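With these hints in hand, go ahead and build the complete structure from the sequences.
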Amino acid sequence: MKKALIQIMLFITFIAIYMLQVGFFSNFTIAGVKPNLIVILTLFIGLFAGQNIGTILGMIFGIYIDIVIGKTVGISGVMLGIVGFLGGYFDKNFSKESRIAIIIMVIGSTIIYEIGEYIFNILNYAVTPEINIFSRILLIETIYNVLITIIIYPIFQKVGYRIEENIKGRNILTRYF
Amino acid sequence: MRKNKKNGIVGIIITIIILIVIVMISNTNNGEASFIEKACNAIVMPIQNAFINIKNRVTGNSSFFSDLDTLKAENESLKQANSDLQQQVRELEIIKAENETLKEYANLKDKYTEFTTVPGYVINKDISNYSDNIIINVGSDDGVGKDMTVISDKGLVGHVISVTNNTAKVQTIVDPSSTVSSTISTSKDPIVVKGTLESDKELRATYISTDVNLVQGDNVETSGLGGIYPKGILVGTIKQVVNTKNLVDRYAIVETAVDFNKLETVLVIQQ
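Top line first, the protein sequences correspond to chains E and A.
Per our numbering, the first sequence starts with residue 1, numbered consecutively.
Per our numbering, the second sequence starts with residue 1, numbered consecutively.
In short, the hints are calculated from the structure, not lab data.
In this text the structure is predicted, and so the values were computed from the model without any measurement.
Worth double-checking, as some hints may not be accurate.
Stated by the list, open to error - Computed list of lysine-lysine pairs in PhoX-like fashion (alpha-carbon distance at most 25 Å, straight line):
| id | chain 1 | residue 1 | chain 2 | residue 2 |
| --- | --- | --- | --- | --- |
| 1 | E | Lys71 | A | Lys201 |
| 2 | E | Lys71 | A | Lys146 |
| 3 | A | Lys201 | A | Lys188 |
| 4 | E | Lys3 | E | Lys96 |
| 5 | A | Lys201 | A | Lys125 |
| 6 | A | Lys188 | A | Lys239 |
| 7 | A | Lys262 | E | Lys71 |
| 8 | E | Lys96 | A | Lys6 |
| 9 | A | Lys96 | A | Lys154 |
| 10 | E | Lys158 | A | Lys6 |
| 11 | A | Lys125 | E | Lys71 |
| 12 | E | Lys3 | E | Lys168 |
| 13 | A | Lys231 | A | Lys201 |
| 14 | A | Lys231 | A | Lys146 |
| 15 | E | Lys2 | E | Lys158 |
Stated by the list, open to error - Distance windows between CB atoms, simulated:
| id | chain 1 | residue 1 | chain 2 | residue 2 | range |
| --- | --- | --- | --- | --- | --- |
| 16 | A | Ser199 | E | Ile151 | 27 to 33 Å |
| 17 | A | Glu264 | E | Asn132 | 30 to 36 Å |
| 18 | E | Met19 | A | Tyr207 | 36 to 42 Å |
| 19 | A | Asp211 | E | Asn124 | 33 to 39 Å |
| 20 | A | Asp147 | E | Ile131 | 28 to 34 Å |
| 21 | E | Phe11 | A | Ile94 | 56 to 62 Å |
| 22 | E | Ile131 | A | Lys245 | 15 to 21 Å |
| 23 | A | Thr210 | E | Val73 | 40 to 46 Å |
| 24 | E | Met19 | A | Thr210 | 49 to 55 Å |
| 25 | A | Asp259 | E | Ile107 | 31 to 37 Å |
Just so you know, even glycine gets a beta-carbon here, dropped at the ideal spot from N, CA and C.
Written out as structure tokens, the structure reads:
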């Protein structure tokens, strides 16, 4: 029951962040490049709520984005699912206390997500590959994502530990010993 | 612990300030950025002027070369007159071509009255950096269907790729996966314009045949080939012609007539 409630809450958070991305960050850009908050959110869900919930919610977010604004349904779902899965994987292998680790995770998942989407676009819509411009945009986007992570992570960390406690129960410490 | 927390908050505030400063700097106009240029000029210019003055006096003073000087001046003025005349000829050519296209537009206007259009607002934009779809607030209930052309008061916007009852998803012409078959309005030469990743205001014109004479400032309009866009809708103007080693590879950058960042109202043409 509580788990379901948490998942609904996470979906509402997603809608709020989606609105923020559309309304605010389409104007608040660095050299015309927007950040990607949804990748950060999915990664954090994978980190705190576990691999299964991260993957499934990531896929739901992606499919929602595809339905609302994308050209075909699927690719964002798959890529965000991978990001959620990676979040769960990072949780098992790295500490969430270290900010450097979190920043590296955000860099990795942003790059994986965008490269996956871009390759799919090239293959599916005969887009002319523009590697130079793509890497420039990707670099700025990654830096922007890192800056936002530094700002919001302390808040998310508090909420995240509470979610983790509720979902995984009190025996989370056992795996460290 | 407490100190650590304090440090964390200071770190966050500094990051926010850095973020805001980066956004502000990266979005300032060129006009404002040239303030530094002006300041630099103000320091150097008076000295430079003085030097030029001295140089002019030295060269102009010698009476021996006075004849040569007048000849030079005459030559300069003749060259100037020649270039003026060439300019006029070119302008007349442009006016002639424009006259023809205007005559055609007059016919097209009658043609457009056959089309009925549905007005709509842009209600949502793409969240990704790598595609440029928009969503408008008219759907199948208003008679909008797939593959219909979307225009604004300035020119071509894109075409509808999917519809719901109340909304329609539009792929704009600046999307990297969009391709529009077009013609240059003065010479009627066919080109293909594609969206680019680089900018929301520019398209890349490719497949230009080798004997075409591209001129900066020429209008580009839809050719009517391809089955989606009707003929004669303004796409944009040629901003820059980029010549490569091989003439076949050359391309041109086309500035769109529509400003997609400020796009609010659109018209959907019902075919």
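Comparing the hints with the structure gives:
Pair hint lysine 71 (chain E) plus lysine 201 (chain A) holds up; C-alpha atoms about 21 Å apart against a cutoff of 25 Å. For the given pair, lysine 71 (chain E) sits about 13 Å from lysine 146 (chain A) by alpha-carbon distance, which is consistent with the 25 Å threshold. Only pairs whose Cα atoms come within 25 Å are accepted, and lysine 201 (chain A) paired with lysine 188 (chain A) is accepted, the gap being roughly 23 Å. Between lysine 3 (chain E) and lysine 96 (chain E) the CA atoms are separated by roughly 22 Å; this keeps the pair inside 25 Å, and the hint holds.
Proposed proximity of lysine 201 (chain A) and lysine 125 (chain A) is supported: the alpha carbons are some 15 Å apart, at most 25 Å. Between lysine 188 (chain A) and lysine 239 (chain A) the CA atoms are separated by roughly 17 Å; this keeps the pair inside 25 Å, and the hint holds. In summary, the hint linking lysine 262 (chain A) to lysine 71 (chain E) is supported, as the alpha carbons are separated by about 22 Å, within the 25 Å threshold. Distance check on the hinted pair: lysine 96 (chain E) and lysine 6 (chain A) sit about 20 Å apart at the alpha-carbon level, within 25 Å; holds.
Between lysine 96 (chain A) and lysine 154 (chain A) the CA atoms are separated by roughly 23 Å; this keeps the pair inside 25 Å, and the hint holds. Taking the CA atoms of lysine 158 (chain E) and lysine 6 (chain A), the gap is about 16 Å. The hint holds against a cut of 25 Å. Straight-line distance between C-alpha atoms of lysine 125 (chain A) and lysine 71 (chain E) comes to about 13 Å, which keeps the hinted pair within the 25 Å bound. Distance restraint check for lysine 3 (chain E) and lysine 168 (chain E): the Cα-Cα separation of roughly 10 Å lies within the 25 Å cut-off, and the hinted pair is therefore satisfied.
For the suggested pair lysine 231 (chain A) and lysine 201 (chain A), the alpha carbons sit about 22 Å apart, so the restraint of at most 25 Å is met. Between lysine 231 (chain A) and lysine 146 (chain A) the CA atoms are separated by roughly 18 Å; this keeps the pair inside 25 Å, and the hint holds. A hinted pair counts as satisfied when its Cα atoms are at most 25 Å apart, and lysine 2 (chain E) with lysine 158 (chain E) qualifies at roughly 18 Å. A hinted range of 27 to 33 Å holds for the C-beta pair serine 199 (chain A) and isoleucine 151 (chain E), which are about 29 Å apart.
One distance hint, 30 to 36 Å for the beta-carbon pair glutamate 264 (chain A) and asparagine 132 (chain E), holds here, with the actual separation near 32 Å. Remark: the range hint 36 to 42 Å for methionine 19 (chain E) to tyrosine 207 (chain A) is upheld by a beta-carbon distance near 41 Å. Judged by the Cβ atoms, the range 33 to 39 Å given for aspartate 211 (chain A) and asparagine 124 (chain E) holds: they are separated by roughly 35 Å. Taken as a hint, the range 28 to 34 Å holds for the pair aspartate 147 (chain A) and isoleucine 131 (chain E), whose Cβ atoms sit roughly 32 Å apart.
Separation of phenylalanine 11 (chain E) from isoleucine 94 (chain A) is about 58 Å and conforms to the stated range, judged on CB atoms against 56 to 62 Å. Separated by about 20 Å at the C-beta atoms, isoleucine 131 (chain E) and lysine 245 (chain A) satisfy the suggested range of 15 to 21 Å. Between threonine 210 (chain A) and valine 73 (chain E), the C-beta spacing of about 43 Å keeps the proposed range 40 to 46 Å intact. Checked against the hint of 49 to 55 Å, the C-beta distance between methionine 19 (chain E) and threonine 210 (chain A) comes to roughly 51 Å, which is consistent with it.
Separated by about 33 Å at the C-beta atoms, aspartate 259 (chain A) and isoleucine 107 (chain E) satisfy the suggested range of 31 to 37 Å.
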